[in-house]
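**Student:** Chain by chain, the residues run as shown.
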Amino acid sequence: MIQKILIANRGEIALRILRACREMGIRSVAVHSTADADAMHVRLADETVCIGPPPAQESYLNPVAILTAATISNADAIHPGYGFLSENADFAAMVEEHGLTFIGPSPEHIRLMGDKIAAKRTVREAGIPVVPGSDGSIDSEADARRIARAIGYPVLVKAAAGGGGRGMKVVTDDGQLAEAIATARAEALAAFGSGGLYVEKYLAHPRHIEVQVLADLHGNVVHLGERDCSLQRRHQKVIEEAPSPVLTPEQRSKIGALVVRTASALGYRSVGTFEFLYEDGEFYFIEMNTRLQVEHPVTEMVCGLDIVREMLRVAEGSELGFEQEDVRFVGHAIECRINAEDPETFAPSPGTIAEYHAPGGLGVRIDSALYAGYRVPPFYDSMIAKLIVSGADRRACLARLRRALAEYVISGIKTTIPLHQRLIDMPEFIDGRYDVHWLERVMRGEH
Amino acid sequence: MIQKILIANRGEIALRILRACREMGIRSVAVHSTADADAMHVRLADETVCIGPPPAQESYLNPVAILTAATISNADAIHPGYGFLSENADFAAMVEEHGLTFIGPSPEHIRLMGDKIAAKRTVREAGIPVVPGSDGSIDSEADARRIARAIGYPVLVKAAAGGGGRGMKVVTDDGQLAEAIATARAEALAAFGSGGLYVEKYLAHPRHIEVQVLADLHGNVVHLGERDCSLQRRHQKVIEEAPSPVLTPEQRSKIGALVVRTASALGYRSVGTFEFLYEDGEFYFIEMNTRLQVEHPVTEMVCGLDIVREMLRVAEGSELGFEQEDVRFVGHAIECRINAEDPETFAPSPGTIAEYHAPGGLGVRIDSALYAGYRVPPFYDSMIAKLIVSGADRRACLARLRRALAEYVISGIKTTIPLHQRLIDMPEFIDGRYDVHWLERVMRGEH
Amino acid sequence: MPPAKQKPVLETDFVRALGELLNDLSLAEIAYEKGDFRVRVTRQQAAMAPLAAPAVTVTEAARPAAAVGAPSEDYGSHPGLLTAPMVGVVYTSAEPGSPAYVSLGDTVAVGDTVLLIEAMKVFNPIKAHRAGRISRVFISNGVPVEYGEPLLLID
Amino acid sequence: MPPAKQKPVLETDFVRALGELLNDLSLAEIAYEKGDFRVRVTRQQAAMAPLAAPAVTVTEAARPAAAVGAPSEDYGSHPGLLTAPMVGVVYTSAEPGSPAYVSLGDTVAVGDTVLLIEAMKVFNPIKAHRAGRISRVFISNGVPVEYGEPLLLID
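Protein chains in written order, with this note's numbering: chain R, 1 to 447; chain S, 1 to 447; chain A, 1 to 155; chain B, 1 to 155.
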């Protein structure tokens, strides 16, 4: 049994994990940089340890500081949240070497899925369709050209170690290939320290649909249905919903069974998400996230499970205790990521929260570490709140989301609330007719 | 179709109704006294009308002012909320005479159930068990003594028009009867303008269990299960939960079917609650509330329905659209009524809210019209917020309630949050072993 | 005799048009008056601000447009301000066509009937609370008024 | 040579007893020190106050009891304050039994090693950031320190 968890994160996800700990009677240790001394997760934690100065490299990304904090506070497990060290296989291994429980997948699975080429090869061998493209890293422009012609332009040149849109270029013909490879390689080297690239088919109107899995240490694996995260800007998700407006129950069952079989075959543990592009009824695996995701609450709302609680339970060695057929999907849920940004220019807007008033009532959930008087520091991610709304169906959910956004007051800084209000009133969103490029087109004024 | 609803209430319930209106695309008119000009429901309403000075008699209890406000704002329906005019049959009749929709039961049903003696007679004839006692008003002390001896002491002498504990006396032997009758009659006259009394069996350790019904205009009636509201102080509910910790599914189905049959036989419409005392496996009807209740959210959380939305739908003439077997009960929910009162002396504590921070996260719902800087006026009920928490089972729900209460910050006034924190940590509450007298005993220091 | 009950006809289309104009031109307020017809539309804030400090305009903006009379900012504490003792529809004369009880500039004595307010078919005479000259009229015939809304200023 | 790694032994029963005493007597704080063992327990507020204004004590109260050193209220901006550059366990001497690097009243030069902080089995020498006399010692041997926690005052 886990007695005390060190939460190696900050912001809303640190608070999310802390709440699960409290509800399970597990003590919590908040680690924080000096910039976060007044943060909500620090104020509410059972114990706190200041681990470094504001820059994340010296605090939240510093494995030694975090492990030392775990030692001096006698924690017996570490939850990495998302971002920061959550998908760092070396960190996960260090945690285990120190005799602590890493609340997440094994270091080997993190490492495997962290290599995008190896990940694709692995899941393809397990029978999951992938985007057609180079089997591995491309060696030369000629190599890339041969593959691009075989799968047909447009193609995407992508960093093997990539993510978040860095080291990624769309190429529409042979002539653009050389420059795209050079640019992507340079970006990949700068961002990830590795210049490995691969080439794959570029889909014109894909949706981003991902499937959540949950696995215990005893070989039990279930999927918790899909999330549609097609509303993205610069490869950052903005609004997520469950279920997807376009999937049929049959498609859900089929893709769900496929990822469960794959996770079982891999001996996967804890939570993970298989991310797909979806176009014309076909799924194409893009990557697997070996961690808790920002958008996990929409799945919680439709399947009635507490995913963080389950994550802690299986980390303790407990069995899932339920089967796939026990997972029922009821209603609809949408999450809006609210950022401290100008809603038109997306310029970051750190600063002090003057007034803070969260919406309430039936079907409204707020995951946020904000409070009146809190100073949003300029050092970290700009996401400051998640508004999650559920309803009997998508239409009721949308109506509720509209009223909840109108009730939400965050003053003193700029937020993306007005952007969300605008987006959810657009006919394409209301009808569920959007793809991963839609928001970019909206922002370019093409709607 | 209803286009515009006048909400003849204030506080959290006015906000609750307003939210349902907004989610259904119905315009809302908030009426308010001068004391509530800055209230949340006034700030968020589509239209507002000031109907009078602070005293409720001249504003929220003034039928002429409310109907005039409905006329000048062109509202086509009135929702009375709870309290104030919600169970005033004459008001409901006036609303209908003016061609407006009264969102609630018919004036006749309100009148019938408002007379506690007639109500008992009616439901007993329909087969619902009642507390043994006088069939009607008692005429004399001798009459009362005869009945008391027949059903056995202790007995309760109660006002026929009563409620809220006024005009109610416990009598343990013949010798106390005369004085109890005189006192109860005087209290009943003062409080309700009618001195009619009746006598009934006094139960030593009953629970208060009530069953929610929902009926449309087409003869469709369902029950939404029970709420256990045994935690009371001076006949005011303090904490409510669903389901009751002591009821079996069989008992739920049986009492549910009984109230549904009764409501059907009466031709009842809209929402209503059959309230029972429950002791040793037996139900004893005490009264029916012909209105939306404060504690309706716990039912919403376990059966996944929006009761106010359903209330508006059936008022428009829509069919329920689902059957009893479609109503499923999942998980557990508890509501804490948070009052602006000293948590030890219960002295009212109106004043200005300095800091306000509501708890968030999974399974936490806040129904409150509070905000930082709001002035709680001294003129009305002291309930300022409802914290409703749900979980997979009662234990998980309790753990979540504990953490949510610890997160709730309301400063500037005293609130009953510390009382709730104390109560939910007591073994009797944790084990569900409490009756309607338990809280009074706790407050007297007997625990 | 009080006038036969006239339910005020709300010119919703016109008000809507004004509202759209307001939005199109990004204006803050349009006040329109013609005979006894008066409208003021003001722009509502994008997100309601249910917080304490300076949000007084929200209520104002949310009021039924046709119920909004002329502004009365400076008279709130004026001893001569006569306010509506009830919600209802205000009438300036005893019946349609008959002369107004009082007009701007008239002198009144304490207790003189100056207006009627109709609430649920009952016509309630509104009497001057002090003697003086009618120096402002905030309402016009047939408009709805809220409780506490300024009616007349008696200097 | 650095000392063999000593995991600090946390006297949880004793800390619990102090905490119960604190509650029984409705005290605000108990500070306890014996040899190099030092505890301070302070009472946590009933409901956490996650709001801005004066809630600084919450963090303090919630800190692991054994990690709390002596108070250092007045030295925050003192140029002679040497703070922990990392989280870890502080040692006052190179190995158990050997003499302390420095003691109260000693004079140090810039760059002198004054303490060690151990983080994940690495012993990091902490050097004097300026010359002067050790006028306060906020820590004792073997206690855990957070990043930024006061270590010594060099006057």
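Honestly, the hints are just simulated from the structure, not real lab data. As the structure is a prediction and not an experimental result, all values here were calculated from the model. The beta carbon of each residue, even a glycine, is placed where N, CA and C say it ideally should be. Please note: incorrect hints may appear among the correct ones.
Said to hold, decoys possible - Estimated spans, in silico, between C-beta atoms of each pair: (1) S:Q324 to R:D326: 22 to 30 Å; (2) R:R444 to S:G351: 22 to 30 Å; (3) S:R233 to A:S93: 33 to 41 Å; (4) R:L217 to B:G97: 41 to 49 Å; (5) S:H205 to R:E97: 39 to 47 Å; (6) S:T34 to R:D326: 42 to 50 Å; (7) R:V330 to S:G175: 53 to 61 Å; (8) R:A257 to S:A257: 39 to 47 Å; (9) S:A257 to R:A392: 22 to 30 Å; (10) B:T113 to R:R444: 55 to 63 Å.
Stated by the list, open to error - Pairs of lysine-lysine residues, derived as DSS-like cross-links and limited to a Cα-Cα distance of at most 30 Å, are as follows: (11) R:K4 to B:K127; (12) S:K4 to A:K121; (13) R:K4 to R:K116; (14) S:K254 to S:K237; (15) R:K254 to R:K237; (16) S:K116 to S:K4.
As the list claims (entries may be wrong) - Far from chain R, some chain B residues (derived; all Cβ distances over 10 Å): (17) Y75; (18) M86; (19) A94; (20) P96; (21) T107; (22) V122; (23) R130; (24) S135; (25) S140; (26) N141; (27) P144; (28) E146.
**Student:** If you check each hint against the structure, which ones fail?
**Tutor:** Violated: hints 2, 3, 5, 6, 11, 13, 16, 18, 22, 27, 28.
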